[in-house]
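> Here the structure of chain E is known, so what remains is to put chain R in place on it, guided by the hints.
Next come the chains, spelled out residue by residue.
2 protein chains.
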Amino acid sequence: MCGIVAYIGDKPAFPILINGLKRLEYRGYDSAGVALMEEGNLQIYKKQGKVKQLENLTNGHSFDSTVGIGHTRWATHGEPNDRNAHPHYSSNHRLAIIHNGIIENYGALKTELEEEGYSFESDTDTEVFITFIEDIQKTLGVSLEEAVRVALTKVVGAYAIVIMSQDDPDKLIAARKGSPLVIGLGKGEYYVASDATPIIEFTNEVVYLNDEEIAVITRAGFEIVNTKDIPQKPYIHTLDLKLEAIEKGGYEHFMLKEIFEQPRSIADCMRGRINATEGRLMLGGIRNYSGALTNAQRIVIIACGTSWHAGLVAEYLFEDICRIPIEVEYASEFRYRNPVIREGDIVIAISQSGETADTLAAIELAKSKGAIVFGVVNTVGSSISRATHEGAYLHAGPEIGVASTKAFTAQLTVLTMIALSVAQQKGTISDVKFRELLVELESIPKKVAKALESDGKIKEISALFKDVHNFLYLGRGYNFPVALEGALKLKEISYIHAEGYPAAEMKHGPIALIDENMPVVFIATRDSSYDKIVSNIQEVKSRKGKVIAIVTEGDVLIPKMADFTIEVPATHEALMPLVSVIPLQLLSYHIAVMRGSNVDQPRNLAKSVTVE
Amino acid sequence: MCGIVAYIGDKPAFPILINGLKRLEYRGYDSAGVALMEEGNLQIYKKQGKVKQLENLTNGHSFDSTVGIGHTRWATHGEPNDRNAHPHYSSNHRLAIIHNGIIENYGALKTELEEEGYSFESDTDTEVFITFIEDIQKTLGVSLEEAVRVALTKVVGAYAIVIMSQDDPDKLIAARKGSPLVIGLGKGEYYVASDATPIIEFTNEVVYLNDEEIAVITRAGFEIVNTKDIPQKPYIHTLDLKLEAIEKGGYEHFMLKEIFEQPRSIADCMRGRINATEGRLMLGGIRNYSGALTNAQRIVIIACGTSWHAGLVAEYLFEDICRIPIEVEYASEFRYRNPVIREGDIVIAISQSGETADTLAAIELAKSKGAIVFGVVNTVGSSISRATHEGAYLHAGPEIGVASTKAFTAQLTVLTMIALSVAQQKGTISDVKFRELLVELESIPKKVAKALESDGKIKEISALFKDVHNFLYLGRGYNFPVALEGALKLKEISYIHAEGYPAAEMKHGPIALIDENMPVVFIATRDSSYDKIVSNIQEVKSRKGKVIAIVTEGDVLIPKMADFTIEVPATHEALMPLVSVIPLQLLSYHIAVMRGSNVDQPRNLAKSVTVE
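Chains E and R, in that order, give the protein sequences.
Just so we're aligned, residue 55 is where the first sequence starts under this note's numbering, counting upward by one.
Just so we're aligned, residue 55 is where the second sequence starts under this note's numbering, counting upward by one.
Hints were generated in silico from the structure; no laboratory data involved.
A couple of the hints might just be wrong.
Stated by the list, open to error - Label pairs and their in silico Cβ distance ranges:
hint : chain 1 : residue 1 : chain 2 : residue 2 : range
1    : R       : 493       : E       : 147       : 37 to 45 Å
2    : R       : 571       : E       : 422       : 40 to 48 Å
3    : E       : 598       : R       : 648       : 19 to 27 Å
4    : E       : 258       : R       : 484       : 57 to 65 Å
5    : R       : 98        : E       : 615       : 49 to 57 Å
6    : E       : 194       : R       : 589       : 53 to 61 Å
7    : R       : 484       : E       : 351       : 20 to 28 Å
8    : R       : 397       : E       : 592       : 51 to 59 Å
Beta carbons are placed, not taken as given, at the ideal position from N, Cα and C, and that holds for glycine.
Looking at chain E on its own, in the form it has when it is part of the complex:
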């Protein structure tokens, strides 16, 4: 994933681009660059590293250009370095491009162009792409916009691009397919970006470009055609996004802010959807397909990473209360094998960003086989929200920290509401149990707030474990996916090798790892498998492992066995993951901070994975 921003108007472009790139750094941050007009020349400045390094590079320069494009990169082709950073010139240095996505047939194009005598400065697909456009313009003798259009009919892959030209400096050309692009409409000025964050302080009127649309933007206005050259009518959205929502709000890191935001984000997620007092639950998207859902012979959940863990929790709840068989699949695996999907099967796709490439492709595959696809997505208007038949948004607000926290709990909340809704309509849940779960769900934000109070204690424990090399996380039943999620958090931001397992599987191999150097986190809250997990704790202690146990408030047994215990409030076991994951998020956060990791932008990772 990369971040794209562009500006054309009457203000100096450079500060707008830099500021926008910083907002977009969550999308990638291995190199950054800008292209501007300087004394009639198309000039590119770019640098490996964060946007800060780009700013340092250009320190002292004063830029007048009122048009420009900027890019922050997460490498897909060619390693992260200055040369491979965007923007890229075309061969004659009269065109510049920024690009988010992958041109899959760039190898063939490159060979053709090399045979014609072109050479390349970088290893990127993007430089091939813009040189291809230059070549078309020359060969066909057409306008730049026509050359872009023709080029787009020839390339295979995904892209969001913005192009500027030395010969036509009062114009930007933007296009997308598969990667997001939004145009912000000012007065005599226009913004283009990967999402609205670079735009929001200037205007709340935006147009989301659709796949295979090309926008030609001047200071006087813009026009959209599709790649078949048919004019398209833009639909203007009015954004209701507050700037403060995308800033840190006093926390040291976005991740910590987002962890502590969860009482609110979970409540936001339920707002207007449930009323426990009246025993009412209403999810718009679900209502429209309630017949399909209650009659489903099978539901397949597809997701990646943290969202996949949310899917595993949902599997247990759906099977328990809806009596529908559930299969949870890695999107990447699902799409490349030959899965059984029958006409009318239900697929639920989960993605925070709504842009996850593998999930998107899996959705298309499921649709092609006749499945009805629901989206559980955070980002409104994202590709997945548009590709699915129906869905329910998380309403958790933008998640900037690369390690997902509040999106996970919001996903659990939405999936719980869907399961309850289906169970009620199917009659597979008693009224009493339905109401009990609804009341319990409504109380979760308060319980999460309570769980967050252990922050100080967790910080102390973190200090003792910050230098270990390995961690195991074990849970059973509803807490098994929580073990996977806790381990993933630690991996992502502390770079400690942590692994989650269903506790009973430990005896089939992983127990060999246990010695006095191995910390083991048990999610051991009071539920139907409590006695069993107590035995598992004893097995680890008898092999001298160090045990950190997440327990229910008031537990007196486990504190006698475990080295450290962290309490969380009691709740129904099906809802426990919403609460028991909180200490694990904090544990990973504090350990990572103490190890000096860049918590919000951990190495090698990007916020959403929009490439395969």
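Same frame as chain E, now just chain R:
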């Protein structure tokens, strides 16, 4: 697999047999027995359990017999009990036999003999075999050795046998085909055994019987003919082996022996079940439930540990060729939640030992909900084989090494045969593809043997990685479960924290772990996701990870990127796990040995987990 031992000479035979059987117990230990001459009568003593139980049974007896045969059993036909233990009498109790192997056409022979009026005391193929010999001797009026020879020309299968006769008590007749047999040459005395371990303390001169050879042994000497009655000249070997080494067949550890046994154990698993030339596939247990299987709306596979990985491979194959939705569950999780199982759903339970407690409990739960349960089990007569409605045995022989190797490949083989059989009956596989897969499956033992030839190279690579703390294993599609299995092997015996992942999931978290200290094993054989995994290798290399790649013979692309490559022969992608897991078994073995681990009995682990 069974152990056999026999003696003829001037010493009391009984202590020699008991001592020999104890040495051979690694070949099987579900029941044991001896046949001796007592006051002119051919007397059999046999008992379910270990050789120790047989000793207890015969406590107090003093045996003078200077001729005798003994057997320790690993059940293949008929459950382990006193009745099915060897030796077996022929119908008139004047012949006794010990047998290691499987007589494939015993069913037809039994029917014929029953029509002639014979009846049988056991459920074994072996009793049919010896009664067949008795019948030939009677019908043709020939000598015992001639009757044996004629019988051997009529039976299909594998055998190592020793026969003694009440009417000819100074003679042993031994023969082999496919199962090992060695004759030890003393002074006026001879030993016969499955391997040299029962012999080595008495003599180091031995003759290895060849396939389709028959030895007639008296105290005065022995003669060898082949089944065509042509005399054979024996070649006398002088052994230079330590007792300990030959118990493990010359290998340093049982695990290594079992890894190298796989060409044979996979072939054993298919023996009598497939005939690729004729396009035939026949699994007894499956035939009885073919209607239930072909009509199944859903199959749930339950297992633990390595068996669970075999289940994941089966999921892909079943969904691909049988078009039945498959759900693979951890037995421990399945049994404690409230899973959806409907009347007539099919459950397949996989377990090497057939005693895994969680799997057994999950089977009972599934049965209580009306499921039809199949077992895929190695140990004949084990609890799981008895608790299931039907099943298919692995016939892989006893697995002694705690880290499962040959059982995994045998599980894959059996599951593949089940899937092919169901697909054929359902008509969801074309005849051409069915035959293609059958031919390919039949060639797997040879390809596994080829894969084993990389042992030396793998040992060299192991030396370079023996001191690392962590490993990642990545694969896609059919090779994803192989990645999990490779990681588990390393964990179990080297205590290195190794983790398997579907390669595409790496970008959703684990990639943060990658730096110059992190070795990553890619299972990257040529298949439908080859291009994708090549991209994943590039992503790891661009972050400086060390890449060990398992590739298809002749791959030229990946060796340019990876730090180390290990080649395996090409095969159909659905069968590739049978081959691609081999180098991973060897890698974990060599690393563990170099780290000084107790490979056959790693810390904290037990061979089969008979507690929760």
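> So, for every hint listed, does it hold in this structure?
Verification of the hints:
| no. | hint | result |
| --- | --- | --- |
| 1 | R:493 <-> E:147: 37 to 45 Å | violated, 59 Å |
| 2 | R:571 <-> E:422: 40 to 48 Å | holds, 43 Å |
| 3 | E:598 <-> R:648: 19 to 27 Å | holds, 24 Å |
| 4 | E:258 <-> R:484: 57 to 65 Å | holds, 59 Å |
| 5 | R:98 <-> E:615: 49 to 57 Å | holds, 54 Å |
| 6 | E:194 <-> R:589: 53 to 61 Å | violated, 33 Å |
| 7 | R:484 <-> E:351: 20 to 28 Å | holds, 27 Å |
| 8 | R:397 <-> E:592: 51 to 59 Å | violated, 39 Å |
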